[in-house]
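Here the protein sequences line up with chains A and B, keeping their order.
Mapping of the first sequence onto numbering that gives the first Met the number 0: position 266 corresponds to residue 265, and the numbering continues sequentially without gaps.
Mapping of the second sequence onto numbering that gives the first Met the number 0: position 121 corresponds to residue 120, and the numbering continues sequentially without gaps.
Where hints are given, some of them may not hold.
Listed next, the in silico SDA-like pairs over lysine to any residue satisfying Cα-Cα at most 25 Å (straight line) [claimed, not checked]:
1) LYS2/B - ARG145/A
2) LYS196/B - LYS245/A
3) LYS158/A - LYS299/A
4) LYS6/A - ALA176/B
5) LYS6/A - LYS3/B
6) LYS2/B - SER141/A
7) LYS10/A - ARG145/A
8) LYS3/A - LYS196/B
9) LYS3/B - SER12/A
Listed below are several chain B residues computed to face chain A (Cβ distance under 7 Å; list not exhaustive) [claimed, not checked]:
10) PHE9
11) GLY93
12) ALA96
13) TYR103
14) ILE214
15) LEU229
16) SER317
Hints are computed from structural coordinates only; laboratory data are not their basis.
Ideal Cβ placement from N, Cα and C applies to all residues, glycine included.
Protein chains: 2
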Amino acid sequence: MTKKVGKQTFKPSSPPVIISTAAVSGPFEGQGPLGKYMDHVYTDVTAGERSFEGAEKEMMTNACFTCLNKAGKSPPEVDIFLSGDLLNQTITSGFSALELAIPYLGIYGACSTSAEGLALAAMLVDGGFAGLVLAAASSHNSTAERQYRYPTEYGVQRKPTAQWTVTGSGAALVAPAGQGPVITYVTVGKVTDLGIKDPLNLGAAMAPAAALTMIQHFADTGHGPEYYDLIVTGDLGKFGHEMAVKLAVSRGGFDLGKNYRDCGLMIYDTEKQDVHSGGSGCAASAIVTYGYIYKKLLKKEFNKVLLVATGALHSPTSSQQGGNIPGIAHAVSIEMT
Amino acid sequence: MTKKVGKQTFKPSSPPVIISTAAVSGPFEGQGPLGKYMDHVYTDVTAGERSFEGAEKEMMTNACFTCLNKAGKSPPEVDIFLSGDLLNQTITSGFSALELAIPYLGIYGACSTSAEGLALAAMLVDGGFAGLVLAAASSHNSTAERQYRYPTEYGVQRKPTAQWTVTGSGAALVAPAGQGPVITYVTVGKVTDLGIKDPLNLGAAMAPAAALTMIQHFADTGHGPEYYDLIVTGDLGKFGHEMAVKLAVSRGGFDLGKNYRDCGLMIYDTEKQDVHSGGSGCAASAIVTYGYIYKKLLKKEFNKVLLVATGALHSPTSSQQGGNIPGIAHAVSIEMT
Numbered sequence: 000m001t002k003k004v005g006k007q008t009f010k011p012s013s014p015p016v017i018i019s020t021a022a023v024s025g026p027f028e029g030q031g032p033l034g035k036y037m038d039h040v041y042t043d044v045t046a047g048e049r050s051f052e053g054a055e056k057e058m059m060t061n062a063c064f065t066c067l068n069k070a071g072k073s074p075p076e077v078d079i080f081l082s083g084d085l086l087n088q089t090i091t092s093g094f095s096a097l098e099l100a101i102p103y104l105g106i107y108g109a110c111s112t113s114a115e116g117l118a119l120a121a122m123l124v125d126g127g128f129a130g131l132v133l134a135a136a137s138s139h140n141s142t143a144e145r146q147y148r149y150p151t152e153y154g155v156q157r158k159p160t161a162q163w164t165v166t167g168s169g170a171a172l173v174a175p176a177g178q179g180p181v182i183t184y185v186t187v188g189k190v191t192d193l194g195i196k197d198p199l200n201l202g203a204a205m206a207p208a209a210a211l212t213m214i215q216h217f218a219d220t221g222h223g224p225e226y227y228d229l230i231v232t233g234d235l236g237k238f239g240h241e242m243a244v245k246l247a248v249s250r251g252g253f254d255l256g257k258n259y260r261d262c263g264l265m266i267y268d269t270e271k272q273d274v275h276s277g278g279s280g281c282a283a284s285a286i287v288t289y290g291y292i293y294k295k296l297l298k299k300e301f302n303k304v305l306l307v308a309t310g311a312l313h314s315p316t317s318s319q320q321g322g323n324i325p326g327i328a329h330a331v332s333i334e335m336t
Numbered sequence: 000m001t002k003k004v005g006k007q008t009f010k011p012s013s014p015p016v017i018i019s020t021a022a023v024s025g026p027f028e029g030q031g032p033l034g035k036y037m038d039h040v041y042t043d044v045t046a047g048e049r050s051f052e053g054a055e056k057e058m059m060t061n062a063c064f065t066c067l068n069k070a071g072k073s074p075p076e077v078d079i080f081l082s083g084d085l086l087n088q089t090i091t092s093g094f095s096a097l098e099l100a101i102p103y104l105g106i107y108g109a110c111s112t113s114a115e116g117l118a119l120a121a122m123l124v125d126g127g128f129a130g131l132v133l134a135a136a137s138s139h140n141s142t143a144e145r146q147y148r149y150p151t152e153y154g155v156q157r158k159p160t161a162q163w164t165v166t167g168s169g170a171a172l173v174a175p176a177g178q179g180p181v182i183t184y185v186t187v188g189k190v191t192d193l194g195i196k197d198p199l200n201l202g203a204a205m206a207p208a209a210a211l212t213m214i215q216h217f218a219d220t221g222h223g224p225e226y227y228d229l230i231v232t233g234d235l236g237k238f239g240h241e242m243a244v245k246l247a248v249s250r251g252g253f254d255l256g257k258n259y260r261d262c263g264l265m266i267y268d269t270e271k272q273d274v275h276s277g278g279s280g281c282a283a284s285a286i287v288t289y290g291y292i293y294k295k296l297l298k299k300e301f302n303k304v305l306l307v308a309t310g311a312l313h314s315p316t317s318s319q320q321g322g323n324i325p326g327i328a329h330a331v332s333i334e335m336t
């Protein structure tokens, strides 16, 4: 009777459609190879606001309004707004929800937020509860770095495993019917703990969660890695990407193959842009999926994509108390039919 | 075609059943008038853990396992765990999800989390996605006060409008069928901003959201305040409760009547226990609803209850930057049939 498939996967009875998306980014991301896929690239990380937090909120509201405009919709037509970000009390989302004035359900999945929002949007639409759900996620380098690690002015030397928090925001509009790629499966992840304690190596904290969610998705659906034109993890970076490839083999016997990429490695030119292990943050998977991938799906350059957004449940408080940094990953199967 | 009723309310086609709940609290809450309804009262706020954060996590996992045990269920039988708390990065929920090992979707609604979790649980169950959803929420005085306001050792003088963060956790298990009260409607709130800037007066920040969500619920469902045996807001406290009563009249023309109470005022003996304006925190509505109200519903001493959990989207960062503190409230209609 339930739409559950296997152990952790859910299959909508009538695949919800992503009728519109939008992605905006900071200037540094705009200089990367996917810059041309952004709907707007800010010329300044402040986005004209008085605080970096204000800038992040400006980016999210811009992504949301752009997404709605593209579909010819206005906020009062949207039933539910699902959103999350990295800031304490997810203030980017809260203040954006205030401006949008759409009934709001806040989510927290660290950098897995894009997939969590998309998964819940699909379930609420397919469950018959909503005709339109707007899902958004954001991060900002200048808000996240100082909250999670060191004041940016301090100029701490970064380790090779460190990643660069992506500045930007992405939004998607999900409906029961319409033009666009559809959501065929969602796999809800479990929190996974490999014992990582280093907040400058979050790729390692998230890689096991990514691998286990992918393995479970393959097992639950019977669709192996070869089924997809593209499998993207959210923000594992170089080291995490390598780990995920190895773990998929060692834990599940799956060769992720050459179609497996990581959003954190796609955003920047990792040869020329000094981001160490790659990009990270909720915006990594959000702007790659809602900017680049969505447009490629519309053109049928991709037909079957598995988004596996990855989150490190890193807290400065628990980390400073000696706690581990667990990870989580949710997968959403997006297909152009 | 959708299950939307009016502007912000959703009606499950087959009302999901709350088949089990559990509530645990700290010692101070145990001394209050509802202490006897708790499944467990800790004798110490550390709950035997090395940190207050560890204590809060112990309380949430205890509430979750107790809730499952009462229903004769184990974590592998649960499809989705929905949880949130007040701590940055919602670590109580994240670490509890790790221990429970149930596929996890993190939520953030500040103190409105209990109703947000229950609303989403009802929608996921009624949408056919889950046979069992576990929803939890928690707060802890010693973790929240120092994060949001001042170090507790500092002993800052509290204003009359200040509230006391409730220590405890509550959990509910929602299923498509079974014994227990059912969820007949959920009303998803909008973020509301009255311009409050004082983190020691969160009742005022939340009261407009509570009033507007109640007014919308009454308008959407056609069920006025008189329909319910009990209407409870989450944690408005004395001042917020008074404001909500006035706003319901001035904004919507509704007399909330004598059946309207506030969980933050029910937990403590406000004459004898020095909590100023009353209790607050995610646990306020969670332990009152999942401890006291649920048991009264089972005995049919209440038959129709409207839970209106209220959240202040208070962030020390945005507050110190001069931002307002917006509020949100979600309503869940729980009926014993």
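Quick rundown of the hints versus the structure:
1. LYS2/B - ARG145/A: 43 Å, violated
2. LYS196/B - LYS245/A: 50 Å, violated
3. LYS158/A - LYS299/A: With a Cα-Cα distance of about 39 Å, the restraint between LYS158/A and LYS299/A is violated, given a limit of 25 Å.
4. LYS6/A - ALA176/B: Holds. LYS6/A to ALA176/B sits at ~21 Å (cutoff 25 Å).
5. LYS6/A - LYS3/B: 30 Å, violated
6. LYS2/B - SER141/A: Not satisfied, since the Cα-Cα distance of roughly 41 Å exceeds 25 Å.
7. LYS10/A - ARG145/A: Outside the cut-off at roughly 39 Å; violated.
8. LYS3/A - LYS196/B: The hint is violated at about 45 Å.
9. LYS3/B - SER12/A: The given pair, whose Cα atoms are some 19 Å apart, holds under the 25 Å limit.
10. PHE9: 5 Å, holds
11. GLY93: 4 Å, holds
12. ALA96: This hint holds: ALA96/B lies near chain A, its Cβ roughly 4 Å from the closest one there, short of 7 Å.
13. TYR103: 6 Å, holds
14. ILE214: 14 Å, violated
15. LEU229: Since the shortest Cβ distance to chain A is 24 Å, the answer is violated.
16. SER317: Check passed: Cβ of SER317/B comes within 5 Å of chain A, closer than 7 Å.
The structure shown violates the earlier hints numbered 1, 2, 3, 5, 6, 7, 8, 14 and 15.
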